[in-house]
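Undergrad: The primary structure of each chain is shown beneath.
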Amino acid sequence: MAREMLKGNVAIAEAAVRAGVEAYFGYPITPQTELLEYMSQRMPELGRVFLQAESEVGAINMVFGAACAGAIAMTSSSGPGISLMQEGLSYIACSQVPAVLVDVMRGGPGLGNIQPSQADYNLLTKSAGHGDFRSIVLAPSSVQEAIDLTVLAVDLATKYRTIAIVAADGMIGQMMEPAELPPMRPLQTTRPPWALTGARGRPKNVIVSLALDADELEAINWELQAKLNRIRAAEVRYETMLVEDAEILVVAFGSAGRIAKTAIREARQLNIRAGLVRPITLFPFPFAAIRQALCGVRSVLVVEMNAGQMVEDVQQAVRGQVPVHFYGRPGGNVPTPDDILEHIVALKEQSEAPPGGELREFVGMPLSARMG
Amino acid sequence: MERVFEERIVYQRPKALATMPTRYCPGCTHGLIHKLIAEVIDELDIRERTVAVAPVGCSVFIYQYLEVDACEAAHGRAPATATGLKRVQPDKIVFTYQGDGDLAAIGIAEIMWAANRGENITVFFVNNAIYGMTGGQMAPTTLPGQVTGSSPAGRDAESTGMPIRMAELLAALPNTAYVVRRSVYDIHTIKEAKKAIRLAFRTQMAGAGFSMVEFLSSCPTNWHQSPDQALEWIKHNMVPYFPLGDFKVADTVKQLR
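Taken in order, these protein sequences are the chains called A and B. Here our numbering is used: position 47 in the first sequence is 47, and no number is missing along the way. Here our numbering is used: position 124 in the second sequence is 124, and no number is missing along the way.
These are calculated hints, taken from the structure and not from any lab test. Do not take every clue at face value.
[Unchecked claim] Covered, in the sense of this in silico footprint (three residues per stretch, anywhere, with C-beta under 8 Å from a C-beta of chain A), are these stretches of chain B:
| no. | region |
| --- | --- |
| 1 | 47-54 |
| 2 | 77-84 |
[To be verified] Sample of chain A residues facing chain B (criterion: CB under 10 Å; computed from the structure):
| no. | residue |
| --- | --- |
| 3 | 22 |
| 4 | 59 |
| 5 | 95 |
Ideal Cβ positions, reconstructed from N, Cα and C, are used throughout, including at glycine.
Turn these sequences into a full structure, and let the hints guide you.
TA: Structure below.
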């Protein structure tokens, strides 16, 4: 396969098609709408299912139905739509059927705006719905990675019978860059034994999330947690850059992680030993990789396109060993490499000076103008 | 002279009806409607290719009472879930079973759009004018003046609107194929209900599109009536506002009769 210029949303859609997605249900919302539009043409062309739902509520429940039938089903949306899908996601999680979701994140809260954002980090990684569950969350930082992680999302959703989410931001969705698509896989030809295909020659299959007995529901919860632990053990993915000798460790994901790379290269030019851990799986989070990278690190800088969400997970990984600082741009703004470099330089200066400088440790409080 | 007749089975439990006893209150007609559906599934020989979508409400456990594959949708979302099930396996018979709160209040968008698309599914809509499972609150189909747990002075139509007539509403959508209202308050209406269930399934089997049977059903517990009073109440109070009848029978469905 040759590299070609691809827009992120289109690349994700075609990657999903090639990975074997059999049914797509969605509802238009910027900045992911090209994904839906592409599917509206591509899926019927291949004899697969495309349906524009009446709402994101409808779309996610159609995904649930198709998944119950044993099909590989997918939807995509952005923040406000993901909020509406939370009910359905909770049912899907408890029913233990596979589902693939793409969130092309935009600025929030509320209607917010349509600029790139990473504001759905907590929503996606902590609990994308009521009750006790987690979803696998994959964060691409380029169009190529968006393609690769979409294929991985299909595989992991199917393997674990769980929700796998591609958490892209509006920049990934809207940007065009050269990338290579995977080969077209053949569609699955059989349905899994648990699928609702009609009780022919077997007892009926029932897929439910209701368990009135507390002991029964507790057992289901522990079963879900055991699955999450298997995912935590096997599926952590991250990228590191120049961490071996780093004195300042930057942690950033998605587009922010990619921008941070430029800042780190520039810092090295200034003889500041900066390094990067870029979580690729936001759940399971690479706690161990961050701890491992701390050797020799004097301070950590978390950069996010939100007001500080992943930083709490980084703090948990760092466990107070070194100060964790935060630089974030909520509301649809994207940090520049210079912005990040400025913070790296400030940290370097501060780490050689007595504490009390302008760059404050992240304590989950409103940040100074400089931090913002 | 003694004549020996060959033994002939005239009635038995439908194969599609599980041996599980239902948890419905005495006099509730959910169990009766379940049985009619099970009988028709047997008669049409579709049990092994039927998938049911359970609602949230009293009939949430329908998957325990019927011997068919089933899943359980979020409150009101059954038509969307059924859409997903049907679109990826059009050869299966997919039906939802929903109450009035589920279908006519929280799930109004999902039912309207499944119907408007002419989705080739069957919907069984059980209208008992009350929220049963939560203990008898005002439903979208509660009659004006009807006392419920959340309309203690009787439903005030000025403030809460009039009960919604779903069959009439859906029949107005061009793509629906078969939309009727039946009841189960006496032998005659039960027989008519069973005929409608059969035609609704046959509509789907023929690929003719969206079918819905609305049933006027009883809730003696939350109506605070005896079972026989409740059946009379359907006849005298519900039927005048929710007339029984056929609201949409597409030409393709007429040919199936």
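Undergrad: Please check whether residue 95 (chain A) passes as an interface residue: C-beta within 10 Å of a C-beta belonging to chain B.
TA: Since chain B brings a Cβ to about 7 Å from residue 95 (chain A), closer than 10 Å, the hint holds.
Undergrad: Has the region 77-84 of chain B got at least three residues whose CB is nearer than 8 Å to a CB belonging to chain A?
TA: The restraint on the region 77-84 of chain B holds, since 6 of its residues have a Cβ under 8 Å from chain A and three suffice.
Undergrad: So, residue 22 (chain A) near chain B? Judge it on the closest CB pair being under 10 Å.
TA: For residue 22 (chain A), the interface hint holds, since the closest Cβ of chain B sits about 6 Å away, which is under 10 Å.
Undergrad: Under 10 Å is the threshold here; is the Cβ of residue 59 (chain A) close enough to any Cβ of chain B for the hint to stand?
TA: 8 Å, holds
Undergrad: Cut-off 8 Å, C-beta pairs, minimum 3 residues; does the coverage of the region 47-54 of chain B by chain A stand?
TA: holds (count 7)
Of the hints listed earlier, there is not a single one the structure fails to meet.
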